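*Asks:* Letter by letter, the chains look like this.
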Amino acid sequence: MSGTSATTKTAEITEEHHDEHHDHHEQSFWRTYIFSTDHKIIGMQYGFVGLAFLFFGFCLIATMRWSMAYEGAPIPFVGPMLESLLGSGVAPGGVMSAQLYNVFGAMHGTIMVFMGIVPAAFAAFGNYVVPLQIGAIDMAFPRVNMASFWSFFIGCVIMSVSFFIPGGAAQAGWTSYSPLATIIPTDGQTYWLIGMILLITSSLLGAVNFLVTIINLRAPGMTWLRMPFFVWAQFITAFLLLLAFPPLEAAGILQLMDRVLETSFFLPTGLVVNGADVDVSGGGSPLLWQHLFWFLAHPEVYVLVLPAMGIVTEVIANNTRKPIWGFKYLVGSVVVLGFLAFIVWAHHMYMTGMGTVISAFFQTTTLLISIPSVIILTCLFISLWGGSIRFNTPMLFALAFLPMFGIGGLTGLPLGFNFSDVALHDSYYVIAHFHYVVAPGTIFAIFAGVYYWYPKMTGRMMSELWGKVHFWSSLIFMNLIFMPMFAQGMAGMSRRMSDGGATYSLSNPDNADVGGALSDTIMGLNVSISAAAWAMLLAQLPFIVNLFWSVKYGKKIESDNPWNATTLEWETPTPPPHGNFVKEIKVYRDPYEYSVPGAKEDFSPQAQPSK
Amino acid sequence: MSDSHDSPNFIQYLIKLFYLVGGVLVAGTLITVIIDVAFKMSLAVSAIVGLSIALVKASFVVAIFMHYKWDKKLIMITWTMILTFIFFAGMMGLIMWAEGDIPRWGREEVPVVWPVLASLLGLILPASFAALTIKILSQSAAVAKEAAPKTKAKRVTRKKKKD
Amino acid sequence: MEIPFTVKPRPDTGLYNGKLGIWLFLASEVMLFGALFSSYVLLRVGAADGTWSMGLMDVVVGAGNTMVLIASSMFVVLAWAELKQGNLAGYKKWKWATVACAVLFLMVKWAYEWPSKFVHYDVWFKNSAVLHQKVEEGYLYDGKKLETELLEEEDDAKLSLARLYLEKEIYVERFFKTFSKEDGGSRKAFNQAWDTGSLALSGHINGYDEAQINVEISGWKSDSGVLEANADKVLLKLGVSGDQGVTKKLRNQGGILKEMVGYDEAKRAEYELTKAGFSVNLSVAGYESVKAHPWFWRTGRINEDIGGKPRVKSILFALDESHNEENGDHKEISINTDDVKRLNSYEPKHSTFFGIYYTITGLHAAHVFGGIIVMLYNLLPIGLKTWHRDREQYANRIECFGLFWHFVDLVWIFLFPVLYIL
Chain A
1 MSGTSATTKT AEITEEHHDE HHDHHEQSFW RTYIFSTDHK IIGMQYGFVG
51 LAFLFFGFCL IATMRWSMAY EGAPIPFVGP MLESLLGSGV APGGVMSAQL
101 YNVFGAMHGT IMVFMGIVPA AFAAFGNYVV PLQIGAIDMA FPRVNMASFW
151 SFFIGCVIMS VSFFIPGGAA QAGWTSYSPL ATIIPTDGQT YWLIGMILLI
201 TSSLLGAVNF LVTIINLRAP GMTWLRMPFF VWAQFITAFL LLLAFPPLEA
251 AGILQLMDRV LETSFFLPTG LVVNGADVDV SGGGSPLLWQ HLFWFLAHPE
301 VYVLVLPAMG IVTEVIANNT RKPIWGFKYL VGSVVVLGFL AFIVWAHHMY
351 MTGMGTVISA FFQTTTLLIS IPSVIILTCL FISLWGGSIR FNTPMLFALA
401 FLPMFGIGGL TGLPLGFNFS DVALHDSYYV IAHFHYVVAP GTIFAIFAGV
451 YYWYPKMTGR MMSELWGKVH FWSSLIFMNL IFMPMFAQGM AGMSRRMSDG
501 GATYSLSNPD NADVGGALSD TIMGLNVSIS AAAWAMLLAQ LPFIVNLFWS
551 VKYGKKIESD NPWNATTLEW ETPTPPPHGN FVKEIKVYRD PYEYSVPGAK
601 EDFSPQAQPS K
Chain B
612 MSDSHDSPNF IQYLIKLFYL VGGVLVAGTL ITVIIDVAFK MSLAVSAIVG
662 LSIALVKASF VVAIFMHYKW DKKLIMITWT MILTFIFFAG MMGLIMWAEG
712 DIPRWGREEV PVVWPVLASL LGLILPASFA ALTIKILSQS AAVAKEAAPK
762 TKAKRVTRKK KKD
Chain C
775 MEIPFTVKPR PDTGLYNGKL GIWLFLASEV MLFGALFSSY VLLRVGAADG
825 TWSMGLMDVV VGAGNTMVLI ASSMFVVLAW AELKQGNLAG YKKWKWATVA
875 CAVLFLMVKW AYEWPSKFVH YDVWFKNSAV LHQKVEEGYL YDGKKLETEL
925 LEEEDDAKLS LARLYLEKEI YVERFFKTFS KEDGGSRKAF NQAWDTGSLA
975 LSGHINGYDE AQINVEISGW KSDSGVLEAN ADKVLLKLGV SGDQGVTKKL
1025 RNQGGILKEM VGYDEAKRAE YELTKAGFSV NLSVAGYESV KAHPWFWRTG
1075 RINEDIGGKP RVKSILFALD ESHNEENGDH KEISINTDDV KRLNSYEPKH
1125 STFFGIYYTI TGLHAAHVFG GIIVMLYNLL PIGLKTWHRD REQYANRIEC
1175 FGLFWHFVDL VWIFLFPVLY IL
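The listed protein sequences derive, respectively, from chains A, B and C. With the working numbering, the residue at position 484 of the first sequence is 484, and numbering never jumps. With the working numbering, the residue at position 120 of the second sequence is 731, and numbering never jumps. With the working numbering, the residue at position 362 of the third sequence is 1136, and numbering never jumps.
Calculated from the structure, these hints are not laboratory results. Remember, it's a predicted structure, so these values are computed and weren't measured experimentally. Hints may be right or wrong, so weigh each one.
Okay, the calculated bits of chain B under chain C, using three or more residues with CB under 8 angstroms as the criterion [as the list claims (entries may be wrong)]:
| no. | stretch |
| --- | --- |
| 1 | 627–640 |
| 2 | 659–666 |
| 3 | 671–680 |
| 4 | 690–698 |
Built from N, CA and C at the ideal position, the CB exists for glycine as well.
Chain A extracted, bound-state conformation:
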């Protein structure tokens, strides 16, 4: 016993000594800003890369929209660039070939989901805000955090490089269904798989770090139910990533084996490609890939949405100046949502002929999962009631999130029923549905988060005027893009067609007698949607300019708490130094104590002792 305590004593002494040494040590530029272990820097790195890829992914789809609206016409400005960059094989004379359309389509999905929204919504805000909100000085494992970012970064590089290899990047859609993904002879899919394995590794490391941080590094007094909803959302998201991503990693390894070592995990017996037998042993199961993929990819939807809900909750609570209505129901719902997210995946697979029993099961769970989602949305709506709402830019984005996410969620119900899914499957209806969830849903929440936490990161506000221009134009064009797609989908337009469905429209003479061929009105929507998409691209310029301009010229904030918020991140100096808090943090209150009767101000910070 005495041995142990002596050990601890020496340990304490050396630690103290180490501390002193550490504080006087100036770190180099590289260690501070590039290979940093500080959660705030890493958060901003994730944020920049994530936003850049969101923009890049958007540019891809903007290019594809030209092919859908004016098939066979050379793309102005961009076409010659594509031809010189990627070769005249895929973009002859500036015209997008169907192969290039497939490449862009697959990479648009991959980039937006895995390299755009996940780093921006989960990793960036999570890294920056979560330790601040729970009163921790850093993440639990700073070096693992850095490893996580660089693993992500290398994955992104591999994905980006794959555009320029012979044959181009992956072409089998972001879902990479086998056998198609396996038998495509170009190497893009292999790059995709290796890139994905790195991105997954990054997410796993990040998830472990988040969980440990939230569980173990909460400040004194920060009990589970005193955690802000954003932290709760990140907590559940991290669990989703931790337990749902490994099956995709396994699937990725198996598909990599299929491609590189010619196994046949996902290739059935007797597979014939281009009229020739494929020399494989057979006996694999294409359904297995879909099971493993969707076992991740459905929880992934909640990975995209939950942090967004968290951000929106923070912004709404702050700007209505009243507590969130039904906070405990929110927390309960998000926990149940996290669990249910794991047992709904096969509703993406109704059309694979899985069988009736399993369809019935997944239909039930799918409709069940709408209950917690609706509870969350309802709580947020009711929170608006009777609030003295401040309509600033973050609040506008947060408010727009609610109906937009609502539209996305409610239009999902017909897809959840397997009888109506039979008609709507793989149509533009599906595209419109999930884009309503993630584009005006999650991405609006990301914008809200950027406008809301920007003053904490830089010490300056972003321009309100340009923020409002950004918001209103984005809102209008977003709906002009996606609303018509519901009509197109219900008229029977299939997704993933480089000619925008012209083959199956009345403009094709073969279809003159075909009932249900796409009418000219429906086809005409392609042009208006494309125009709206390009306008949407322009509408992002105010944001981009605002983001960089305000770093230097934005209005300086007067206090560390410009929004008069209650949560702990506003207790830090601006911007927070290495180690975050200059005073000792103790938590005395629930997260959203706004307008407490009898209080001096209309907000009572969590760190303010109650009398």
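Please build the complex by placing chains B and C on the supplied structure of chain A, with the hints as guidance.
*Replies:* For chains B and C alone, kept in the frame of chain A given last:
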């Protein structure tokens, strides 16, 4: 492991236990091989026998080598493991089930009772999970309340002994 | 700035950061290997009768490796116990023992178990008559020995004898378990596989007849953008004698450039010549017998089309379990590659079983390898610095590593029966 298990006597006891478990594992492997060589069984039987032995071995490793036996009070590990195994079992079960449900020539129609049971399962699973969460959350609060005075008491005794 | 609870556990959760982190990491590992096990089960359940190649594993080696891993798992926990008692020397002793076990485990895999599979082949035939004939040739050469059994059978004598022999000696292990899925289906399924010829013959390749190729130039395109001088240079490089007239004649009229050369040389010449604007014909002039034990051969390699003829004409195949009475060797038969539908060594491509076997054990081996690196780091002075700074933190680190290592052991505990026994 928490402080109370740091005493030299306990470590000595542990070391004995480790040798014992090592013996059990070796014996388990031998039994598996012997059964395989000596008896010709159908796949189902040998799967049950083989995996049961593996399960026994695995539980020894988790309980003793990974000191889960002494860690299980620690609510977070328990929670993680429960979650993982629910998801793992769910995934295994559902994937198996999905495979078995694929209509094939010569297979009989699925009776109506199964979709009904499936739907019920869909209701029961999240409900039980919600109940579990509530229980664990309330438990961890209790642990937090208990834990603080306990550790203080220990520190006091330790100081006394040193003196 | 020190992050709290890196050493001491947090009172209300009862865990220090590292331990919580490693348990969460293990949770994700459970899901990773869980997904692979699920895939294994699903693929196996969905496999057609007789295509799940079980029973080809060396159970003794597998069991031995299991023991090695169990020992290492025990050593690692003993090392931690020594550390807890403050005994660094004892810790080092057990830890080096762990490293030794881990290295031994990998050596058995990489140097013995896997390579021995890469030279072992299965051959499937295009039609059943060839299979029956080859079995007769390979296994029934000593028919008299089994004459008494022969008389008891009512079926066609030779076939039933073959069945008896095959069932007894070779295919029982391999096919019995998959066939026994259905009640009494074993014999039925076996007979069916025999009749349709979907059984494989397994053994080693002792030798083969490899094509000797003539490389013939049939013309030269003057508009190919290659200068005449450069085209001639290529010819010179490919060993045409320095005479200018010869190269010019070859370029203008064509002719045989190389006679009876090996595959690699011919292909390289074809590549160089095509690049230089020549049209090239490859034709097989003859076959040469080679004695060798090739690795990793596949169907595509042996029947690759060269001017209408296969690259390998026939292979000398030493059948498993078919001992010559006189010298104890495996009985050799000659297999014409025209008859071969598929040929594969026991590599991942061989079958779904081998695919998943190499995937899971490979991933497991990668974990073992990672573990070795971490152990070495902890044993070297750079890792031991932590011990001298803070003993408890170092002990915690070792405990966390131990948890990971036990998990790797745990995976193997399930892998062993699933891959080797069932």
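*Asks:* The structure should be examined with respect to each hint, and the outcome stated for every one.
*Replies:* Hints and how they fare:
1. 627–640: holds (count 7)
2. 659–666: With 4 residues closer than 8 angstroms to chain C, the stretch 659–666 of chain B meets the three-residue bar; holds.
3. 671–680: It holds: at least three residues are needed, and the stretch 671–680 of chain B offers 4 whose Cβ sits within less than 8 angstroms of chain C.
4. 690–698: Since 6 is at least three, the answer is holds.
Of the numbered hints stated above, none is contradicted by the structure.
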